[in-house]
Every structure is written in structure tokens, then in C-alpha cells.
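Residue numbers (the UniProt record's numbering), protein chains in the order written: chain L, 1 to 197; chain Y, 1 to 372; chain V, 1 to 545.
Hint data in this document are derived by calculation from the structure and do not stem from the laboratory.
From the three backbone atoms N, C-alpha and C, an ideal C-beta is built for every residue, glycine too.
Hints may contain errors.
[Said to hold, decoys possible] With beta-carbon atoms standing in for the labels, derived distance ranges:
{"#": "1", "chain 1": "Y", "residue 1": "Ala77", "chain 2": "V", "residue 2": "Gln73", "range": "47 to 57 Å"}
{"#": "2", "chain 1": "Y", "residue 1": "Asp356", "chain 2": "V", "residue 2": "Gly149", "range": "25 to 35 Å"}
{"#": "3", "chain 1": "L", "residue 1": "Arg143", "chain 2": "V", "residue 2": "Asn80", "range": "39 to 49 Å"}
{"#": "4", "chain 1": "V", "residue 1": "Gly149", "chain 2": "Y", "residue 2": "Gly218", "range": "39 to 49 Å"}
{"#": "5", "chain 1": "V", "residue 1": "Gln73", "chain 2": "L", "residue 2": "Pro164", "range": "49 to 59 Å"}
{"#": "6", "chain 1": "V", "residue 1": "Tyr302", "chain 2": "L", "residue 2": "Leu152", "range": "52 to 62 Å"}
[What the hints assert, rightly or not] Some chain L residues close to chain V (C-beta under 8 Å, calculated; not the full set):
{"#": "7", "residue": "Ser20"}
{"#": "8", "residue": "Gly78"}
{"#": "9", "residue": "Leu150"}
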Amino acid sequence: MSDNEMDTQGAGVRRTVWRSVAALVGMFAFAFALVPLYDVFCRVTGINGKVDTNAQALVHDNMDESRMVTVQFITRNGSGLPWRLDVETRQVRIHPGQTSEVNFTFNNQSGAESWGRAVPSVSPSTATRHVRKASCFCFEEQRLEAGERLELPLVFQLDRDLPPEINTVTLVYTLYPVDGKQAPLQAAAKTIEGDEA
Amino acid sequence: MRTLLVWLAGGLSLVGSSQAALASGWNMPVGVTDLSREIYNLHMVIFWICVVIGVVVFGVMFYSLIRHRHSKGAKAANFHENTTVEVIWTAVPLLILVGMAIPATATLQKIYDPSDAELDVMVTGQQWRWRYEYLGEDVAFNSSMATPRAQIRGDEDRGINYLLEVDEPLVLPINRKVRFLFTSDDVIHAWWVPDLAVKQDTIPGFISENWVNINEPGIYRGQCAELCGVDHAFMPIVVHAMEEDEFETWLAERKEMAAEEALGVDREWELDELMERGEGVYGSICASCHQPEGQGSPPAFPALAGNEQLLSDIDWHKDTIINGVSGTAMPSFRTTLNPVELAAVITYTRNAWGNDTGDAVQPADIAEQLER
Amino acid sequence: MAPKVPPQPTLEQSSTAAEAGHGHAHEAPPKGLMRWLLTTNHKEIGSLYLIFSLVMFFIGGIFALVVRLELFQPGLQFVNPEFFNQMTTMHGLIMVFAAVMPAFTGLANWMIPLQIGAPDMALPRLNNFSFWLLPVAFGLLLSTLFMPGGGPNFGWTFYAPLSTTYAPPSTTFFILALHIAGISSILGAINIVATILNMRAPGMRMMDMPLFVWTWLITGFLLIAVMPVLAGVVTMMLMDINFGTSFFNAAGGGDPVLFQHLFWFFGHPEVYIMILPAFGIVSAIIPAFARKRLFGYASMVYATAAIALLSFMVWGHHMFAVGMPLVGQLFFMYATMLIAVPTGVKVFNWIATLFQGSISFEPPMLFALAFVVLFTIGGFSGLMLAIAPADFQYHDTYFVVAHFHYVLVPGAIFAIMAGVYFWLPKWTGHYPHERLSQWHFWLSVIGVNLTFFPMHFSGLAGMPRRIPDYALQFADFNMVSSLGAFLFGFSQLLFVAVVILCVRGGKKAPAAAWGDYADDLEWSVPSPAPLHTFETPPNYQRPAH
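One chain only, chain L, in its complex shape (with noise of 0.2 Å):
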């Protein structure tokens, strides 16, 4: 084999493996930037019954007072956090495009402040893309000192555009401490102010 010869397989062997080493940050990126694209996937497919965790523009002047649609609210428990999420109502029933308030109530019941944070989901996944929330207190984590009772609405409206097949839809929160963010030092000194509270 000539010098030249092997010149140009050397350099497309460089070129192979160049190309190769491309291909794989590629991709090692591209399993990162699934996490971001998966869920602005769910959200707009409504797979997993994944909500929005933004504030969306209610609509109004656009009720289907012909059709009511039952919606279910669950609360739960994750471990982990003293307190306890309740709802007023179990459920109510609306027309689409009519907007809504529910009261959740977050009672925290120990004696040391912590934060929280409570996860939605929304079944079944098709009426996900529909469900338009307003203001919900599941955008943010919470913060609740010790003893303390928070009530916060949720306010939201079903698309009108919601499936017709689709006559219950359930929301379910569930509770979560977020990690990192207890003082318990600071907790402790406060826990008078939150029995008096």
C-alpha cells in the first residue's frame, strides 16, 4: 500500500471517528433535552395526565350550558410532611367554559414549619390539554409554619372543546415535603408563635 494510500484511509478513519464522537454527544445531549421536551409532550398529548404548572387565561362568554361535566377532586398523602391537604367539596359539576373555585385547605399539624408541595394529575390523560386552571396551588411550593392553616382556591374551567365522550374528569393532589428547605432550628424556636397561632 502506498503512503498515500494509507494517508487517505488514516484521515477517513479521523473522519469516522470524528463524525462518531459528534453523534454521541448528540445523543447524550438529546436524553437531557428529552426530560424538557417530554414534558411539553405530555402537555400538549395530555400523556400521563400532566398539567400545565403556569396560570392559563380563563375564557369567558364561551359556556356549553348543554352538557355538564362532572369533576372529581382526590387529595393525598405522600410521606414524609405532618400535614394534612383537604378539599370542600368532592366534586361539582360544570358546564364547559364555566369557571369554577374550589377550596383546598393545607393544615400543617406539627410543631415545626416546613414546605410542601402538592403534585397534580389528571385522568383520563385525554381531558388533561383541557383542563384550564387559573390560579392553583399547585404552580408553587407552600410554606406553612407551624400549626398553620392555609386555605387556597382553585380556580379553573374546562375547555369547551373537551371531548364529548368525556363526562367525568378527576383531579388528584398529592402531598410532598420538599426536601432542603426545613430549618428545623429556626422551626423549633417558632413553635410557640404557631400553638398560639
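Starting from the structure of chain L, add chains Y and V where the hints point.
Just chains Y and V now, with coordinates in the frame of chain L:
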């Protein structure tokens, strides 16, 4: 050897009268819902299509292997491509697949029917039991495996429903659409009852739904189908389907029981009483991780017997059981157990296996803490 | 028909090439252990890969036998559920990442340069490095079994949060081991792709390459595309476990289902990484012993490429029970069913090659024929699993276990063994012991079917996978499976015996050991193949048949 014979005999009867043999534990159960029957039929259609294709393909193959043997002096032909043949064996399978996809799509669409249900049951997977809540009915209970560990170890004879029996079956009415909402408290489980043709993953923090409409009363058994840790094999599902009026009676009884239990909260409980009740709760809920003698299996599941923190800090003890520990397998029992059960199990773990604190935790105190 | 290159010039090449002095390869090699540690020779590295994978095959096999021993009867007799879970997990991880994948890489190292007329791999030193990463990775993985809390116990699919929040403390080491093994596969894949694309003998076009080379080229692309995704997934796990992120933790706003999407985006192509090279091996063996050219070479290449492309679009069929929307279920169902078409084309091509051939049944052929039949059975159950509504009943049962063991054991592993029997004369200069090979074959075939066929029934009857104890109605099936597993496991000792005997002696093999229709370039060099071959590239001549 006997087993082998049974197996061979079964194999022969499979060839002989497939339907009869298949109905006896060799095949997918036909089930007791319209959909389970449809899925069974779909399964059988595709199975037979595969059998026919297999017979043709392997027929040609074995014909060649027998007829075109080198040792019999076969001379090899010289062809190595034929566009017509290749187009045919690409197109024909494609058509067969379309033929399979049509009924499969139709069945799938029926499974995804979101029409209204008459009863909503929330199914929660938890290491390693199921919790059923009849939404809007104030009836909820845990369902743990009832097979004693002694049977698993082989110290006792195994019963007919070995590993497929629970303390509290899920009771459902027949001829009514029942909607299930699935979720989990810890890892992913899967709720599966073959006779109902429902298998759905339960995912922590998320909810998914499915439904059944059972045609026949009976007891249907299933198991958790997604690896969920040590006792994955030991969280069976039992569904007791009954006539509608029978179901209504059962539901009313459950509500009454719950009310009676609630009355018990207010009275003063003796230590012995709490210990007795607590032992039962511990056995069905706690023992799978913390072990029957409280010795635990560290590092995942700490020992309770002689646990310093438990013995010295009763508030921490209560808090851990009521609220669980984030990021570990210790769930919150706030809603899973009622105040009496909570008080009893706390009392039990504070006094059993040499943990002689003498503390008797009163249900009323626990109830007060939960309502605070 | 003559081999594609006359053997005579090849012999000359080695001497002329030695005089031309192509650098490092010709200095006196270090002796003893250092020779193997430092070797950059593709044949030696290929042998290292194959020996490593054989050792791991036995370790993974012992784990499987522990599982089958416990499942021999209902009840818990030998191990506790915790250890049982570690055994199922380790069995899967070792077999996939340490036995099957390195075996194919070993075959590629040995045979691809020989089949394309290249003197060595494109990057010989990198080749050495990628091999020696493997013992490190799997030494680390196996050591987790002795750590407090035990080794990985969450299944080889390691679904979060069981593998993150609820995992044993050794999980960090498991992640590290997977990273190292992943880097090894990636480097191996880059090397193979670079070799195939750049080092072919003058005159050899892409469409002249043997199918083993083609299937490995496509496998190489798959590895480069999906191993980084696996690396990404385990990195996210590592961050969730150690750095407080919440990729897969619902409590922190993450999503456990995301793990499954990412894992199977890697995992399904991974399945084809383990079967495409097998197609290549079988496509070389069947024509050799049917004494007839392979039917439909071009369609074989296209079918392989089609399977590889489709493999990126079907990951959702592992997740039918998760609760996807109808549209998603339908998409993944249709895409999965489509894979049956190119796979069918391959099977039909093999059978058309056999048809009107002149067939003899040497050991490589026996394994290749068993591959065609049993892999096709695995394909049928795969087609059944693709049907989403029926999959609700099959999913996570022993039916699935039967399916993937049919495509991996009498599929991938039989193809590897067929390849070993086929190329042993080239490696050692001797034919494998005929009678012993036949015993190995028949015991393996019987063992495999006894083990895995009853699993179809136990799965359909309702037995979930990954359970250490089961209800009484599954007892008979499990007993048969366990007996079969022990038969299969112990008969692999015969395989070791055949290989050792073959290395030590036996009937001498000529250069073209398997006659006129095993006519790729490797059969033009002497048997055993000298350490250095094709230092001067051969002039490739297209076959005349």
C-alpha cells in the same frame, strides 16, 4: 417423573382437543367481562394465524432439509434472487398484519371507552398491599396477602389458593360499570386480574384509569405484575364479584362497621386491648419489612426492637408512623390506618419484643393529632 | 468456485509486509500476561472478548440456575426474596451486557478485518482499551453483591423509583459499572464502524461486504445512537440518588414514567443490537452448508436497515400497561407489527437458500438451523405481544419471559455458538470434535425448549415474572422449566470441552475449511490464521457464481 408425565399427557391432549386443554390452565383465561372475552378471541385468532404461518414456513424448511440432503446426493440449484417472490413475501405478511390490526384496533377502542361509571374505586399500590377506596362512599380498606409465612416456608401444608388469598377482597357488583383510578404510594406496581383482563401500572404521584363491567358473580384472583421490591410475589389481588343487591348490603355493612370503629376512638383503651389489636395490624402491615420479631433488615428497613430513637421519643415515633419518611420505603399511614389501628400499632411497637416502655397510646389522642 | 482471493498471494503478503515494516505490530511481543494486557492485535483482542464473554455466560448462567432452583417448587426453599431479586437482576445484566454483547464484539474483532481484507482494526490501541474496560466494569458490578444491602435488586430494566429512591446503597456502583461498560461498547462500536467504512480491500464495495459485516455496521450505528442515551439515563439516576434532583421522582416534580420512555428508547434498539449480528452469522453459515449462494443478499441488507430504523419507533410497546393515550397505543402497536415484515423477509430468504440446496449438517449448520426455527417461534410470540389489547394479558408475565428468551438464547446465543463452530477451524486450524459438538447441540436444543416452552403456558395462565414463589397451578410448568434449565446449563460444559479440544488438536482444517460456499475473504488465509494477515490489501474479486 410424575410431573413430567402429566406434562407430556397435557401436551398430547393439547394436540388432541385444544379447546378443552386450553381451558384448564394452559392458556389465557376467557374471563368474565365482554372485553376479556374479546381479548381472548383476539389472542386465539392471532395464535392460529401464527400456527398456520409456522406450519407453512417450517413445512417448506423441513421439506428442504429432508429432500435436499447432500448425503442423498442432492445437487444445489443456482438461483439466488427472484424479485416476484420477494415482493410477494413482503406484501402478503403486510396484508396479514393489516388483517390483525383491524380487530385489535377495534378492541383497543372499546377499552378506551370513557363513558360514565356507576362506581368509582381508587386502587392504591403500596409496598406490599393494595388499598381500595370506594369514592364517595366512605368505605376504604387495605388488602394484604392472607397466606401465612409458615406455608411459604413449607412448615404448613399449602392451601389451594396459596399466595392468591387476601384478608379483605375487593368487592364489586356485577353488571355495573366500575371505574378504577390507579395510583401508588411508593414504587410502581401493576394491578392485574386475568379474569377481568385489566392490567394497569400504578405510578406514584400520577393517576391513571381503567374500568370493568363484570358479567358473572365469583371470586377472581390476580397478582401484582410489576417488580416492586422484596415482597412483589406477595401482594395478590382478590376480587369478589356479587349480585347488585348483595353488593349494596355489603356496602351498607361496611359503612356500619366504619361507624362502629369511629365510636371506639373516644373511649379509653387498655394496654392489653391495644397490644392485641396492634399485633394484628403489625402482622399484616409492618412485618413484611420490619420482620415479625421487629428485627428489621438493615440498611433498608431499620430494626424496631431496641430502637433507641423509638424508645426515647414518642412524638417522633407517632410522627413517623402517621406521616412516613420521605425518600424511604416508610409510607404515610395517615389515611391508610384509622386512629384505633394507629394507636394500637404504635402501642404494640413500643411494648413488644422487649421494648417495655409501658406506653399505651390512646386512639383519641391520635384522632386529635390527625384533626388538629 | 474459488475463494474470492487466491490463497497463495496472502502468504506472500505476510512476509513482504513484514519487510515493509509497518511499525509496532512486528516488534517482539511482550511475554506472558503483559502480552495479553498490551496486545493491539485484533485476533488476540477478539479471543479476549470471546473468553471473557464465555466466563460471564457461565456466571450469568449460575445466577439463572439459582433462580430456577428456587422456582423448582412452590415455597421458599433455597434463597430469600431479596437475594432472588438480586439474582434475576444480575442474570439479566450480565447476560445482556457482559455475555451476548462482548461475544458479538469478539466475533467482530476476529472476523471483520479478515472478512474485509484489512490488516487490523482501524484503532488498535483503542481496541485494547475498550476490552480492558469490561473486566473493570463487571468486576465492579459483581462486587456489589457483597456490599451492605446487596447488589441491584430492581430488575435489569431498573425502573425508577425502585432503582432510585428505594434502591440499595450499592446502586451508585451499579451506575458506574454501566457507565464503564457503556463506554466500552461505544468505543468498540466506533472502532468497528471506522474499520468497515475505511479499511475495506480495494475493489470491495459496500454491497460486496459479507452480511456479518453489514449487520455489524448497522449494529455499530445503533450502539453509537443509543448507548449515550443509556448513559444519560443512568446519569440522571445518579443525580436523583446523590444530588437531590428529581428527574424521576414525582415528589420533586419529576416523572417515573419518563424513566421508562428513556430506558426503552435505548432498550429496544439494544434488543436489535443483540440480534442483528446473529442474522449476519446465520446468513454466512446457511449458504455454506446448503452449497448454494445466499438468497436475496440485497434484501437482507435492506431488511436489516429497516429493522434498525423501526427499532427507534417501537419503544412504547414495552409500556402498554402504563396508561398511554389511545393514539400512542395504536402508533406503537402498528409500528411494532411492521417489524414482522423485514424479519419475515429474512426468514424467507434463509429458507429459500435452503430450498433445492445440497444440505449437510455439520455443527455450525445444526445451530444455524435451530436458530431459524426457534428464533421464528420467538418472533411469533413477539407478534402476539405487539397486539396492544392482548398485551394487557401478556405483559410482565412468563409469556414475555418465554418470548425474549426464545429470541436471545436459541436466537442470539445459538448464533454465537454457530459462529464459533463455523470459525473455530480458522482460529485453531482444527475442526471441532464432531461427535461431542453434536451432543452439545442436541442437549442444548432439548434443554432450551424444556426450559422456555412451558413458560408460554405458565405466563398465559397468569404467572407474573420476577417472583420467587408462585401459586400452585404453576408448579408443573416450573418444575419442567427448572429441569430443562439445569440440562441446558450443564450441557454448556460440553461446549467448553469442544473449544479446548479444538484448540489443542483435532482434524486439520485447510484454508477454505467449509468448502466452496464459505467463500468470504477469511477463508483465503491459512488455517489457523497467522497473527498478521492482509498487511498488503488483497485484490478483491467478486464471486463468480
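Do the hints match the structure? See the list:
1. At about 53 Å, the beta-carbon gap between Ala77(Y) and Gln73(V) stays in the expected band of 47 to 57 Å.
2. About 30 Å separates the C-beta atoms of Asp356(Y) and Gly149(V), a value consistent with the hinted range of 25 to 35 Å.
3. Under the hint 39 to 49 Å, the C-beta atoms of Arg143(L) and Asn80(V), about 44 Å apart, fit the expected range.
4. The hinted range of 39 to 49 Å is satisfied by Gly149(V) and Gly218(Y), whose Cβ atoms lie roughly 43 Å apart.
5. Under the hint 49 to 59 Å, the C-beta atoms of Gln73(V) and Pro164(L), about 55 Å apart, fit the expected range.
6. The beta-carbon spacing between Tyr302(V) and Leu152(L), approximately 60 Å, falls within the hinted interval of 52 to 62 Å.
7. The beta carbon of Ser20(L) comes within 4 Å of a beta carbon in chain V, closer than 8 Å, and the hint placing it at the interface holds.
8. The beta carbon of Gly78(L) comes within 6 Å of a beta carbon in chain V, closer than 8 Å, and the hint placing it at the interface holds.
9. Against a cut-off of 8 Å between C-beta atoms, the interface hint on Leu150(L) is violated, since the closest Cβ of chain V lies about 20 Å away.
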